[in-house]
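Visitor: The hints should help you fit chain X onto chain D, whose structure is shown.
Sequence lines, in order, name chains D and X.
Heads up, the first sequence is in the numbering used here, so the first residue is 1 and it goes up one at a time.
Heads up, the second sequence is in the numbering used here, so the first residue is 1 and it goes up one at a time.
Please keep in mind that the hints were generated in silico from the structure rather than gathered at the bench.
Mixed in with the good hints, there may be bad ones.
In silico lysine to any residue, SDA-like type, Cα no more than 25 Å apart, as pairs [to be verified]:
id : chain 1 : residue 1 : chain 2 : residue 2
1  : D       : Lys40     : D       : Ile86
2  : D       : Lys253    : D       : Pro275
3  : D       : Lys112    : X       : Ala40
4  : X       : Lys92     : D       : Ala188
5  : D       : Lys112    : X       : Arg167
6  : D       : Lys112    : X       : Arg68
7  : D       : Lys40     : X       : Leu179
8  : X       : Lys92     : D       : Ile86
9  : D       : Lys253    : X       : Val191
10 : D       : Lys40     : X       : Arg134
11 : D       : Lys40     : X       : Arg14
12 : X       : Lys92     : D       : Arg150
13 : X       : Lys92     : D       : Thr93
14 : D       : Lys112    : D       : Thr247
15 : D       : Lys112    : X       : Thr48
16 : D       : Lys40     : X       : Lys92
17 : D       : Lys253    : X       : Thr48
18 : D       : Lys40     : X       : Ala40
19 : X       : Lys92     : D       : Thr247
20 : D       : Lys40     : X       : His88
21 : D       : Lys112    : X       : Ser66
22 : X       : Lys92     : D       : Gly94
23 : X       : Lys92     : D       : Ala92
24 : D       : Lys112    : X       : Ala22
25 : X       : Lys92     : X       : Gly17
26 : D       : Lys40     : X       : Ala72
27 : D       : Lys253    : X       : Ser66
Under 7 Å between C-beta atoms, here's a sample of chain D residues computed to sit facing chain X [what the hints assert, rightly or not]:
id : residue
28 : Ile12
29 : Phe37
30 : Gly189
For every residue, glycine included, the Cβ atom is placed at its ideal position computed from N, Cα and C.
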Amino acid sequence: MQNESDLIESLIRTAGRRAEPPEEAYRQVLAVATAAFREKTAHRRERQWVLWAGSAAVVVLAIALMFQWMPPSAQRGELARVVRVIGSAEQATGDVWQALGETRTPLTTGTKLRTLAGGRVALALSGGGSLRLAAETEVMLDAPGRLYVRQGTIYVDSGVRPGALRLEIVTPAGTARDLGTQFELLVAGAALRLRVREGSVSIDRGGQSLTGGAGEQIAIDFLGSVSRDVIAPHAEAWQWTESVAPTPDMDGKPAAELIAWVARETGRRLRYVSPGVEQRAATVILHGNIRNLAPLAALDAMLATTDLEYVISGDTMEIRTRDINPPEP
Amino acid sequence: MADLVHVDRAVARRILGGDEAAFLDLFDRFFPRLYRFALARIGNDPDTARDIVQQTFCNAIERLDSYRGEAALYTWFCQICRNVVADHFRRKGRSAKRVTLLEDQPNARAILESLTAPVGDEPETGVWREEVHRIVEATLDSLPGHYGEVLEWKYIDGLSVMEIAARLGLGAKAAESLLTRARDAFRDAIVELFGTTDDLVAPFGRQPG
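Extracted from the complex, chain D is given alone in its bound form (with noise of 0.2 Å):
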């Protein structure tokens, strides 16, 4: 008969040595942690400073509110509003997920969005501009012009209006800055990619600044190392985006304004091939809707009605006008 303290050693003994995880799997989780980590406290530190000046700001507003004075255009804690969802999406606000809701469905501080397999979601921000996510990404809207992205690939475009809200995107691989552009951003625990098709946008990662111009690609692997390569405006690779871009309302709209943003959403130059042809553009009035329609699928419908015609020759949309006559020899 063994006692117990026997009993416990020949258990220990048998079963033998834990297993040690492998070296890669802790370097590449500790650089991701240590980024969660680094990024979680300087939120915190930025959350008290926030703290102390909303205290500032309550009596600041006090004072306006003893001058019967409001602002403009109160804060009301929404950030975006859904307007296209693909296939499965969930959003959270505490730990519960639950299917995304109906398009125009407004979102506020605090709201985590997710894609499944084969989902996509499109955002109407407040700011102003566009974001997208691609399948399997995880975000969260952490406050106005911020957005913290667990994983997966998002689209921002940050459209063409003057003013509207620059975006700061917080990653666990670094941050990322839109200085007034398109572009595309994956994360990948610490690795990160950036695409950009229009302007230019900055990553902060680790006291290191780096910026991305139009027709750039910068991977920063896990542990830190950055490669360069170019990308068209216009590459396949944008495809998606165009798959769950949120369609404008075009009924009663000039061709000109469908033509711009089809060329926008493709990654191509515009050109009329005349003043004439730019001028007719801008007078033809399109009737009906596009409705998830992908952009050139819609240009197709809605040019089908006019004598308008597009054609792509390379990173270039040229519009012109139908030959009803051929030219004359």
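Guide: This is chain X only, laid out in the frame that chain D set:
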């Protein structure tokens, strides 16, 4: 237990305060344990286990403000890890093979009895041995402080009390006391799970014949 909770809460506060050394110390202590915890639950897929532990750390760090010291911090991390594992299986749907572990079952002892190897089986091989290995591993991982290491040094590496004392920078009496507490904690953890150590020990307690 009250001391342990108090210490862990202080650790959480230090981390939230931006103390990177405290964070790295916690990471070094928890990473191997959580990796084994995840690996056992997703069917020995190392890449998925790594991703799950990574997600666990990210989720835990994000929610660390909500940790109130109601349980040991490792237990709290394990609960988050369980949620990440559940989320993984939910995302993968039927294509992923779910692993159900003995210690995750509410009626662990009844299951254990049903698994008892028949007389005549070779107990040193097969599923039973793997399962016991994993349970001992999980039990050692669940022990606080250096208890798991101390028991391995003593019973696997065969270190003397003096050698353990030297390794931890303790006196002989303190090391002996630590070893006793580690042994008690291990026994308590096994008994809490199964009601006794006998069912686990019996097949291995036999002398080779």
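Visitor: Now tell me, hint by hint, if it's right for this structure.
Guide: Quick rundown of the hints versus the structure:
1. Between the alpha carbons of Lys40(D) and Ile86(D) the distance comes to roughly 32 Å, so the proposed pair goes past 25 Å and is violated.
2. Restraint check: the Cα-Cα separation between Lys253(D) and Pro275(D) comes to about 19 Å, which is no more than 25 Å; the hinted pair holds.
3. Between the alpha carbons of Lys112(D) and Ala40(X) the distance comes to roughly 29 Å, so the proposed pair goes past 25 Å and is violated.
4. A hinted pair counts as satisfied when its Cα atoms are at most 25 Å apart, and Lys92(X) with Ala188(D) qualifies at roughly 18 Å.
5. Taking the CA atoms of Lys112(D) and Arg167(X), the gap is about 47 Å. The hint is violated against a cut of 25 Å.
6. Restraint check for Lys112(D) and Arg68(X): satisfied, since their Cα atoms lie roughly 23 Å apart, inside the 25 Å limit.
7. Between the alpha carbons of Lys40(D) and Leu179(X) the distance comes to roughly 38 Å, so the proposed pair goes past 25 Å and is violated.
8. Restraint check for Lys92(X) and Ile86(D): the C-alpha separation of about 19 Å stays at or below 25 Å, so the hint holds.
9. About 76 Å separates the Cα atoms of Lys253(D) and Val191(X), which puts this hinted pair outside 25 Å; it is violated.
10. The suggested pairing of Lys40(D) with Arg134(X) is violated, with an alpha-carbon distance near 34 Å, which exceeds 25 Å.
11. For the given pair, Lys40(D) sits about 13 Å from Arg14(X) by alpha-carbon distance, which is consistent with the 25 Å threshold.
12. At roughly 19 Å between alpha-carbon atoms, Lys92(X) and Arg150(D) fall within 25 Å of each other, so this suggested pair holds.
13. Pair hint Lys92(X) plus Thr93(D) holds up; C-alpha atoms about 23 Å apart against a cutoff of 25 Å.
14. Under the criterion of a C-alpha separation no larger than 25 Å, the hint pairing Lys112(D) with Thr247(D) is consistent with the structure, at around 24 Å.
15. Between the alpha carbons of Lys112(D) and Thr48(X) the distance comes to roughly 23 Å, so the proposed pair stays at or under 25 Å and holds.
16. With a C-alpha separation of about 29 Å, the suggested pair Lys40(D) and Lys92(X) falls outside the 25 Å cut-off, and the hint is violated.
17. Restraint check for Lys253(D) and Thr48(X): not satisfied, since their Cα atoms lie roughly 51 Å apart, outside the 25 Å limit.
18. For the given pair, Lys40(D) sits about 29 Å from Ala40(X) by alpha-carbon distance, which is inconsistent with the 25 Å threshold.
19. This hinted pair does not check out: Lys92(X) and Thr247(D) have alpha carbons roughly 32 Å apart, beyond 25 Å.
20. Restraint check: the Cα-Cα separation between Lys40(D) and His88(X) comes to about 24 Å, which is no more than 25 Å; the hinted pair holds.
21. A threshold of 25 Å between alpha carbons decides the hint, and for Lys112(D) with Ser66(X) the separation of about 17 Å falls inside it, so the pair holds.
22. With a CA separation close to 22 Å, the supplied pair Lys92(X) and Gly94(D) stays within the 25 Å bound.
23. Straight-line distance between C-alpha atoms of Lys92(X) and Ala92(D) comes to about 20 Å, which keeps the hinted pair within the 25 Å bound.
24. Straight-line distance between C-alpha atoms of Lys112(D) and Ala22(X) comes to about 29 Å, which puts the hinted pair past the 25 Å bound.
25. Note on Lys92(X) and Gly17(X): the hinted pairing is violated, with a Cα-Cα distance of about 37 Å set against a maximum of 25 Å.
26. A C-alpha spacing of about 21 Å is found between Lys40(D) and Ala72(X), which places the hinted pair at or below 25 Å, so the restraint holds.
27. Taken as a hint, the Lys253(D) and Ser66(X) pair is broken in the structure, with Cα atoms around 52 Å apart against an allowance of 25 Å.
28. Evaluation of the Ile12(D) hint against chain X yields a held restraint, the C-beta minimum of about 4 Å falling below 7 Å.
29. Look at Phe37(D): its Cβ gets to within about 5 Å of chain X, closer than 7 Å, so that hint holds up.
30. About 6 Å separates the beta-carbon of Gly189(D) from the nearest beta-carbon of chain X, less than 7 Å, and the hint is met.
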